[in-house]
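> Spelled out, the chains give:
Protein chains: 2
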Amino acid sequence: MTSSDSGSAPKPPAKDPWDLPDVSGLVVGVLGGTGDQGRGLAYRLGRAGQKVIIGSRAADRASAAAAELGHGVEGADNAECARRSDVVIVAVPWDGHAAILTSLREELAGKLVVDCVNPLGFDKKGAYALTPEEGSAAEQAAALLPDSRVTAAFHHLSAPLLQDPAVEEIETDVMVLGEVRADTDIVQALAARIPGIRGVFAGRLRNAHQVESLVANLISVNRRYKAHAGLRVTDV
Amino acid sequence: MTSSDSGSAPKPPAKDPWDLPDVSGLVVGVLGGTGDQGRGLAYRLGRAGQKVIIGSRAADRASAAAAELGHGVEGADNAECARRSDVVIVAVPWDGHAAILTSLREELAGKLVVDCVNPLGFDKKGAYALTPEEGSAAEQAAALLPDSRVTAAFHHLSAPLLQDPAVEEIETDVMVLGEVRADTDIVQALAARIPGIRGVFAGRLRNAHQVESLVANLISVNRRYKAHAGLRVTDV
Chain A
1 MTSSDSGSAP KPPAKDPWDL PDVSGLVVGV LGGTGDQGRG LAYRLGRAGQ
51 KVIIGSRAAD RASAAAAELG HGVEGADNAE CARRSDVVIV AVPWDGHAAI
101 LTSLREELAG KLVVDCVNPL GFDKKGAYAL TPEEGSAAEQ AAALLPDSRV
151 TAAFHHLSAP LLQDPAVEEI ETDVMVLGEV RADTDIVQAL AARIPGIRGV
201 FAGRLRNAHQ VESLVANLIS VNRRYKAHAG LRVTDV
Chain B
1 MTSSDSGSAP KPPAKDPWDL PDVSGLVVGV LGGTGDQGRG LAYRLGRAGQ
51 KVIIGSRAAD RASAAAAELG HGVEGADNAE CARRSDVVIV AVPWDGHAAI
101 LTSLREELAG KLVVDCVNPL GFDKKGAYAL TPEEGSAAEQ AAALLPDSRV
151 TAAFHHLSAP LLQDPAVEEI ETDVMVLGEV RADTDIVQAL AARIPGIRGV
201 FAGRLRNAHQ VESLVANLIS VNRRYKAHAG LRVTDV
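Just so you know, the protein sequences line up as chains A and B, in that order. Using UniProt numbering, you'd call the opening residue of the first sequence number 1 and step up by one each time. Using UniProt numbering, you'd call the opening residue of the second sequence number 1 and step up by one each time.
Check each hint, because a few of them may be wrong.
It does not matter which identical chain is meant; a pair holds if it fits inside one copy or across any two.
[What the hints assert, rightly or not] Listed below are the simulated DSBU-like cross-link pairs for lysine-lysine, each with C-alpha atoms no more than 35 Å apart in a straight line:
| id | residue 1 | residue 2 |
| --- | --- | --- |
| 1 | 51 | 11 |
| 2 | 226 | 51 |
| 3 | 51 | 124 |
| 4 | 15 | 125 |
| 5 | 11 | 125 |
| 6 | 51 | 15 |
| 7 | 15 | 226 |
| 8 | 11 | 111 |
| 9 | 125 | 226 |
| 10 | 226 | 11 |
| 11 | 111 | 226 |
| 12 | 111 | 124 |
| 13 | 111 | 51 |
| 14 | 111 | 15 |
Simulated from the structure, these hints should not be mistaken for laboratory data.
Using the sequences plus the hints, can you model the full thing?
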């Protein structure tokens, strides 16, 4: 009625950042799915109704771990896990990160890859950040997987909380990083399938290092406060 | 009545991490107190009843800014600000960080220094982390100020929120880093003087880089969500 009558074409409104796609039909693979973080994520996503396949070097170990988790979670060797999944969460130890991704380059082509690896060192003073040559684990993944859509997320979730069936909600945000909005939107929606969790866009992959290495600080928090610390982003 | 009767000396209970000292009598200096972040911190701490002196290269500019802030905030040149303060918050631009600290080495001897500088670069893709040679701004301060007690904190507070008189509470945590518990306890207590804020211990100075550079991610959050984002540590 006032300024909109001025004749100039109105700018389309910015897309609502909370308007996220329905991801309930996607198959989620978890490489390193027999480790604590991987098992915890597989359990939570399976419990939320997502189809989850955990991958391990040995298919029988993956199947045994999957059977323990229930909720329809399946196990497979890493290659089959990658092949059958739409979204592949990388939850392997930092030590094996480059080798595993290199070996799965073909199976991961075209897939949405979600790196959640935290490159950390430990000594008697506690945890500290390691700096990968590529800048971060996520940027290493992007360099090794030129045909995949690489994002980073799920760094700050407590494995004990994820794995505890008595915990109904995990009151924590997941920072999601990536280059392509359609991809980060999917990862945000996937994070939000877990009760209590929001997926919050938190920048490009070049800013992944500090998100990954902040886990060293959360380890200090856990020690001081006897907690399973996570993070909420305020004012969003 | 049971195990405590066994004769072995009981281990003293761990100190309650929320048992923090009374800091209401400390004088707080803010170097860079005429910048947005410094002015915001000075305003909040002054409003909370803390005695605050803001420092600038020119005493008259500092005094003019202090007069605008009210709440008993005073202005002085950087050297006098440092000399008269018990706790000195370093809120200068990263560009001038090393030079200003080097010039104040004598005045800052023995003082509790709180570095809140975020070394960031900006280009058309947004903000990104710079990596100081010493690892972080805080470690640079520690290297340049061998006779001071250097900590790091106050990185993730939104300057617009700090400066807005209509904002009563700032629902955000302040991560506090340092090597000596007595010092980090004081900084945590100082942060908690601001309504809504908790000071949370979050590790040693060697883990300061990721805390400083996470501001690049918060800038991305602010842009996407039209917010003044901060962080809460969950489960503490």
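> Does each hint fit the structure? Answer for all of them.
Evaluation of the provided hints:
1. For the identical chains of this complex, residue 51 and residue 11 are neighbours neither inside a copy (40 Å) nor across copies (48 Å), given an alpha-carbon limit of 35 Å.
2. In this homomeric assembly, residue 226 and residue 51 come within 35 Å of each other (Cα to Cα) both inside a single copy, at 34 Å, and across copies, at 34 Å.
3. For the homomeric pair residue 51 and residue 124, neither the shortest alpha-carbon distance inside one copy (41 Å) nor that between copies (39 Å) is at most 35 Å.
4. Taking CA atoms no more than 35 Å apart as the test, residue 15 paired with residue 125 passes between copies only; the shortest distance there is 19 Å, against 45 Å inside one copy.
5. Taking the shortest alpha-carbon separations for residue 11 and residue 125, only the inter-copy value of 22 Å comes in at or below 35 Å, while the best intra-copy value is 54 Å.
6. For the identical chains of this complex, residue 51 and residue 15 are intra-copy neighbours only, at 29 Å inside a copy versus 45 Å across copies, given an alpha-carbon limit of 35 Å.
7. Only between protomers do residue 15 and residue 226 lie at most 35 Å apart by alpha-carbon distance; the minimum there is 12 Å, versus 41 Å within a single protomer.
8. For the homomeric pair residue 11 and residue 111, the shortest alpha-carbon distance inside one copy (34 Å) is at most 35 Å, but the shortest distance between copies (53 Å) is not.
9. When the C-alpha separation of residue 125 and residue 226 is checked against a cutoff of 35 Å, the pair qualifies only within one copy, where the shortest distance is 17 Å, while the shortest distance between copies is 39 Å.
10. For the homomeric pair residue 226 and residue 11, the shortest alpha-carbon distance between copies (17 Å) is at most 35 Å, but the shortest distance inside one copy (50 Å) is not.
11. In this assembly of identical chains, residue 111 and residue 226 lie within 35 Å of each other by CA distance solely across copies; the values are 31 Å between and 38 Å within a copy.
12. Taking the closest pair of Cα atoms, residue 111 and residue 124 come within 35 Å of each other only across two copies (28 Å); inside a single copy the shortest separation is 39 Å, beyond that limit.
13. For a Cα distance limit of 35 Å, the shortest separation of residue 111 from residue 51 inside one copy, 16 Å, qualifies, whereas the shortest one across copies, 57 Å, does not.
14. Taking the shortest alpha-carbon separations for residue 111 and residue 15, only the intra-copy value of 25 Å comes in at or below 35 Å, while the best inter-copy value is 49 Å.
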